[in-house]
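Undergrad: Each chain, written out:
Number of protein chains: 6
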Amino acid sequence: MEKGLENLIRINGKAGRDVYEQLNRISPRMARALVEYPFNYIYDDSYMDPKMRETAILGAICALGYAIPQLKSHINAALNFGLEKEEILEIFIMMSVYAGYPAALNAVYAAQEVFEEKGIV
Amino acid sequence: MEKGLENLIRINGKAGRDVYEQLNRISPRMARALVEYPFNYIYDDSYMDPKMRETAILGAICALGYAIPQLKSHINAALNFGLEKEEILEIFIMMSVYAGYPAALNAVYAAQEVFEEKGIV
Amino acid sequence: MEKGLENLIRINGKAGRDVYEQLNRISPRMARALVEYPFNYIYDDSYMDPKMRETAILGAICALGYAIPQLKSHINAALNFGLEKEEILEIFIMMSVYAGYPAALNAVYAAQEVFEEKGIV
Amino acid sequence: MEKGLENLIRINGKAGRDVYEQLNRISPRMARALVEYPFNYIYDDSYMDPKMRETAILGAICALGYAIPQLKSHINAALNFGLEKEEILEIFIMMSVYAGYPAALNAVYAAQEVFEEKGIV
Amino acid sequence: MEKGLENLIRINGKAGRDVYEQLNRISPRMARALVEYPFNYIYDDSYMDPKMRETAILGAICALGYAIPQLKSHINAALNFGLEKEEILEIFIMMSVYAGYPAALNAVYAAQEVFEEKGIV
Amino acid sequence: MEKGLENLIRINGKAGRDVYEQLNRISPRMARALVEYPFNYIYDDSYMDPKMRETAILGAICALGYAIPQLKSHINAALNFGLEKEEILEIFIMMSVYAGYPAALNAVYAAQEVFEEKGIV
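Chains as they are written, first to last, in my numbering: chain V, 1084 to 1204; chain D, 1084 to 1204; chain U, 1084 to 1204; chain E, 1084 to 1204; chain S, 1084 to 1204; chain H, 1084 to 1204.
There may be inaccurate statements among the hints.
Same chains, same label: a pair holds when it works inside one copy or across any pair of copies.
[Claimed, not checked] Lysine-lysine pairs mimicking DSSO-like chemistry, simulated, CA-CA at most 27 Å apart: (1) Lys1134 / Lys1155; (2) Lys1134 / Lys1168; (3) Lys1134 / Lys1097; (4) Lys1155 / Lys1201; (5) Lys1086 / Lys1097; (6) Lys1086 / Lys1155.
Honestly, the hints are just simulated from the structure, not real lab data.
Isolated chain V (complex conformation) (with noise of 0.2 Å):
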């Protein structure tokens, strides 16, 4: 529980806390799932390389095409694991071709909207 709460805060910062404390609220089972089995089990460094892990991932949810405010929390996950702004287009722009171009314009769209957040356009 601790190491996911940890890895939760250092993968998306205050966001993450938030999402984590707004979840608590909601449903105390679920924010435990969250954090024993995603940011606990799976978000293990000995066993993927974070800047690949949040490429699968930005692939997979762009792929899904419904989960716009995921993605975007993990396009900020992937910028601050190193992940550079060109190459987060470049994974969307490569899902045209497996899920799509409604899928991938709407990840781009989503991309630019963080990058104004961020002021890194």
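Knowing the structure of chain V, use the given hints to seat chains D, U, E, S and H on it.
TA: Same frame as chain V, now just chains D, U, E, S and H:
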């Protein structure tokens, strides 16, 4: 067109050429699209390192859930580009978080089939 | 047709009638389909207990990922049929396993909005 | 019910009757739903030309990605209504843009199987 | 590239040019892909009548469920190519059978928004 | 871990143990995740009655469309927990409304296969 065909063979080897030739007999227009768009325009190593590219693609195809033949083809490509067996499995384990266990488990089984075909179990 | 309209109002209350009337102005053929097929043929309590029916529907719409308005409407229906707030949240927590965390989290947030609208937080 | 059964046989021929009879042995309630809703209410040529109807259906089932048996059944129906082999392939080639190459390629291969079964390659 | 841009403007009018210019500021590589692949290679009227092409695209984007902005853009394109308001609605009503009511209803509401913007209700 | 393995065997019987052992040979990390998260944390009867839990899961996996092996495994689990054959079919018939006929029909056929294997037709 030429560069696309070269890429197709570089990435997927003899299986890549077979896919192209089979598709070209069914629909020359689809075969040309495949070679010119994904394999020429998109698979351009000056935009993204091939290992990272395959990492994003494996995450995305796993998340789609329904594309086992394409997943197996990209597991092969990922091995050709130097991704380790354990890294490929880790990508699919992570997908249990983003796309759910059914998609993740079916990808793990597909990976095992490719590993067995290549004798790397 | 009549039984379908009765069911629509029994299940979704005033919001159900509003959906029907709005849809009937846009497309009488779609409004008639909605009333005759889902709300007459399918919503037949002699085939399935309404609480179990809403349980299956909440699992499915959560897994689709993209249908937040319909999810909120069925969270309302589930409450009307006597599902507890904690049971509804548990359905979505389970969906983290079958459809992934993005779909599960967005459903939990949608539930929270419905609970707040109804003052049951 | 009668008009639905007529439509089912008009559209899918002997295979349509077989689907109905098999389904009727498993679940008479599902078989009746299939005949009354899609094949009676929806397949009504006064609302849409059958060639255009099958065009929309082929695009949609291809985009779903997972429904190869239903895709093959509608490729058959499309041929029965006069869509050309090349038009059917073009629908799936276009889907590389909207749903991605894996869905498009698997549909092209499914079409080829139907064309071979009917001897129109 | 030139033919693609012409097609983009022919199909989507001023909104098409705006999409291109906005995308070109975010990612020239994505903007070029969009123009060269879908709008040049795919949108080629010698392979398919534009009304049938938009019919397949509307079915597919409706079935994806998550791509409302792209759906509205293609509802506009379909009207520009001469599809009737009632035909567009009928495509979405049919999708209740192939992709379910949530996807179909959200498409009907999106269509109504486009019809109102264009004053054709 | 222990409670998870117990649950796996209680819910899926010998087939559950086989899945675990096969997965453990391919990826001990994935096998451990499966046992600790879904089968320990999530399958906790103090949060939800097992019949309702399987009802939600069957709705969701049917809606995904692509996960037939997991669907069959949960049809088995649902029968073990006391869901009637007719209730399982009714869940899938309802899914024609939420996920469309292709997903619903393929689930009905999968159910029939499980019923036949168990001799309960």
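Undergrad: Give a verdict on every hint.
TA: Verification of the hints:
Proximity of Lys1134 and Lys1155 under a CA criterion of 27 Å is satisfied in both settings, with 16 Å inside one chain copy and 23 Å between copies. Proximity of Lys1134 to Lys1168 under the C-alpha cut-off of 27 Å is found in both arrangements, the shortest distances being 13 Å within a copy and 18 Å between copies. In this assembly of identical chains, the alpha carbons of Lys1134 and Lys1097 lie at most 27 Å apart only when taken from the same copy (20 Å versus 31 Å across copies). Taking the closest pair of Cα atoms, Lys1155 and Lys1201 come within 27 Å of each other only inside a single copy of the chain (12 Å); across copies the shortest separation is 30 Å, beyond that limit.
Proximity of Lys1086 to Lys1097 under the C-alpha cut-off of 27 Å is restricted to the intra-copy arrangement: shortest distance 16 Å within a copy versus 35 Å between copies. In the homo-oligomer, the alpha carbons of Lys1086 and Lys1155 lie at most 27 Å apart inside one protomer (23 Å), although the nearest pairing across protomers, at 34 Å, exceeds that limit.
The structure agrees with every numbered hint stated previously.
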